[in-house]
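Full structure from sequences and hints, please.
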Amino acid sequence: MRTAMYSAGYELLRMTRMRSVLLLLFVLPLLLIFLLGYGLDTTIRPVDVTVHVGDSGELGERSREFFEAAAAGGFIQVKMAASQAEVEEDVRAGASDYGIAVPEGFTEQFMAGSGRIVTYPGKLTEQNLAAETMLGKLTGQFEAGYLSAAMGVRVPEAEKPEGGYIQTGTIVASGSAEFGPVSSLQYYASAYLVMFLLFSGMAAAISMIEEKEHGTLPRLQSLPLALNAFLLGKFIAYIIIAVIQSAVIVLFTRYVYGVDWGGSYGVILLTVLLTSLSAICLAVIVASVVRSRKAVESVFSMVTVIMTFLSGGMMVGLGPVIETAGRFTINHWANELLKTVMTGGAWSELQQPLLVLAAITASGVLLMLARIRRAVA
Amino acid sequence: MAFVQFEEVVKTYGTAMSVNHLTLSIREGEVFGLLGPNGAGKSTTIHMLAGLLKSDGGTISVDGYNVAKRPLEVKRRIGLVPQELAIYEHFTARENVAFFGRLYGLRGRELKERVEEALDFTGLLSHDNGRPSAFSGGMKRRLNIACAIMHRPKLIIMDEPTVGIDPQSRNHILESVRALNRLGSTIIYTSHYMEEVEAISTRVGIMDGGRLIALGDKEELRRLTGQESKLIVQTDHSSEEAVAEIRRHPRVSSLRELEGHTLELGLSEAGTYLQDILFILGKHGLALLKLTREEPNLESLFLQLTGRSLRDG
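Line by line, the protein sequences give chains A and B.
Sequential numbering of the first sequence, starting at 1, is according to full-length UniProt numbering.
Sequential numbering of the second sequence, starting at 1, is according to full-length UniProt numbering.
Just so you know, the hints here were simulated from the structure itself, not pulled from any lab data.
Small disclaimer: the values here were computed from a predicted structure and weren't measured.
It is possible that part of the hints are untrue.
To be verified - Examples of chain A residues lying across from chain B (beta carbon under 7 Å, computed):
#1 14
#2 114
#3 218
#4 219
#5 223
#6 347
To be verified - Quick list of in silico lysine-lysine cross-link-like pairs, PhoX-like style, CA-CA up to 25 Å:
#7 B:140 x B:154
#8 A:212 x B:283
#9 A:212 x B:140
#10 B:154 x B:54
#11 B:112 x B:154
#12 B:69 x B:54
From the three backbone atoms N, C-alpha and C, an ideal C-beta is built for every residue, glycine too.
Right, dumping it as structure tokens:
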């Protein structure tokens with residue numbers, strides 16, 4: 001065990017001396033998540049807003065006119081809903097980016113100084129901002145007394161409801177049609193975290209092969225130690241690096257990009273451990289077949305990219321055949337776990353992906369043990 | 001009892017026999033030179049001794065421990081200086097030595113002292129915080145040695161430790177080998193450079209085609225191959241009588257007259273001869289201009305034993 005500890009310690013020291021590796025492990029994933037997550041979210045398209053105007057009074061009428069005028073400007077697409085429940089459902093299903101309900105009796109309530117328009121923000125920040133800006137114009141008109149003056153009614157400033165004329169509705173959005181139950185940022189944060197965990201597994205196998213290619217393996221083999229313990233230390237170091245890498249990605253994307261990772265950090269950690277261990281196993285198995293650093297890099301990178309693609313990590317909506325193929329990848333099950341955590345899934349929903357990922361890892365460990373001697377021979 | 005013992009050791013790769021029934025004893029405190037061209041079986045022999053390869057037959061023991069049965073005991077006694085540099089480019093010289101020291105089980109103060117000692121011994125103490133990437137080839141080779149000796153092994157195996165380095169570093173390494181030997185280590189030294197092996201070895205084994213074809217100290221090898229020492233004598237003029245008289249001397253087995261009043265004498269066995277030769281020259285009024293003795297070297301020995309030059313491979 002002491003050998004494994006020293007080996008792990010020195011491997012970590014070695015990694016800290018390699019700036020290119022640090023760049024690859026920490027900066028590149030964040031950059032890719034940003035580019036893909038935001039890039040795909042900020043495509044210019046009108047904001048889909050579902051509106052229900054239940055108020056038959058003057059302000060209800062004015063609101064209808066306002067939304068029609070806004071839609072004519074091309075910035076929003078308005079779908080008029082028959083009920084407030086329909087608005088909620090549209091936003092929940094991802095059919096609309098934003099929902100607005102002007103409730104029945106709003107004019108009377110407004111006159112009494114207590115009326116509120118109910119809003120249902122979706123999960124795309126930019127779309128929400130656009131819809132809220134537009135809505136702000138409407139309520140601004142109310143506040144400026146424009147409508148009230150036109151109606152001969154003056155709304156005293158002191159009677160304005162606390163918090164303005166807008167009340168945010170409480171619904172849990174169920175995501176967009178493209179990215180399932182999560183936002184694009186969540187989707188790509190998860191996909192790229194898993195992909196880079198796989199790459200860090202490759203780094204472990206390369207480090208092992210470098211012992212052979214750089215001539216240090218004969219010396220290690222001549223030492224009074226178990227070579228397997230030494231290699232175990234190496235793998236532990238890369239699992240530690242994977243955990244640190246994941247922590248950086250999760251925290252950075254959470255606080256800088258606003259990615260909601262859910263609350264189950266224990267499950268995220270478990271996912272990271274299982275994914276990085278299965279990646280190491282896969283890389284060692286590849287190394288036992290192709291047996292040179294360059295070949296391992298090429299083959300494993302190809303395998304990782306293919307698995308990421310099949311699991312939808314590069315583009316979504318690939319069709320049922322590829323989606324079925326994707327179920328045979330490490331990425332799919334790791335992503336399933338992370339996405340379930342992100343949407344606050346129950347333990348029962350976590351069990352299947354967790355069991356499959358654990359089974360993949362266990363099989364990988366057994367295969368690796370059978371092939372590791374060959375990889376360093 | 002031999003410190004290192006090979007007994008009918010065999011190693012095959014497919015149908016090719018890399019080491020062919022090798023039997024060899026190396027005594028404690030020796031500097032044993034192992035010579036042979038590429039593919040002779042030297043590296044395979046050394047790798048089996050260091051536990052890097054398993055033999056297909058026979059037994060190898062070090063200090064009484066069987067390599068196959070007690071590998072850890074054997075490995076604790078061995079320091080291997082591999083032919084390829086076995087150091088980490090991202091670590092400093094000190095970190096490299098300390099890393100291997102820890103893996104040898106050294107700890108704390110003892111580790112620190114041994115690291116200092118090894119770096120000092122190899123002349124790298126003033127470069128202890130430098131990384132090998134900034135080192136010359138010779139310094140890297142010396143660090144390669146430092147990593148193998150810091151645990152004070154009883155047996156040091158040096159596989160071509162001076163490949164591709166400058167003469168100054170080579171001399172430093174050869175001096176280090178002598179010093180390690182004086183400190184009590186048994187050394188097995190392989191090299192393509194005959195002059196190195198000649199300079200430092202107490203005994204030499206010559207391998208070819210997986211077999212040990214000659215073994216002994218230099219004099220024994222000379223006798224084994226029947227090689228002669230040569231005496232080159234240059235005088236101010238020639239004398240037929242002097243040549244005839246020298247030719248009759250019992251130690252002179254052959255005589256060739258060369259250009260420039262020069263004689264090449266073949267000396268067949270040990271014994272006094274120089275005083276007699278000088279006496280004959282003086283008797284015939286010849287003044288001695290130059291006198292050189294040429295000993296048979298390992299290169300010529302190898303050529304005679306195998307019919308080819310060592311570096312032909």
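Enumerated hints in conflict with the structure, sorted upward: 2, 6, 8
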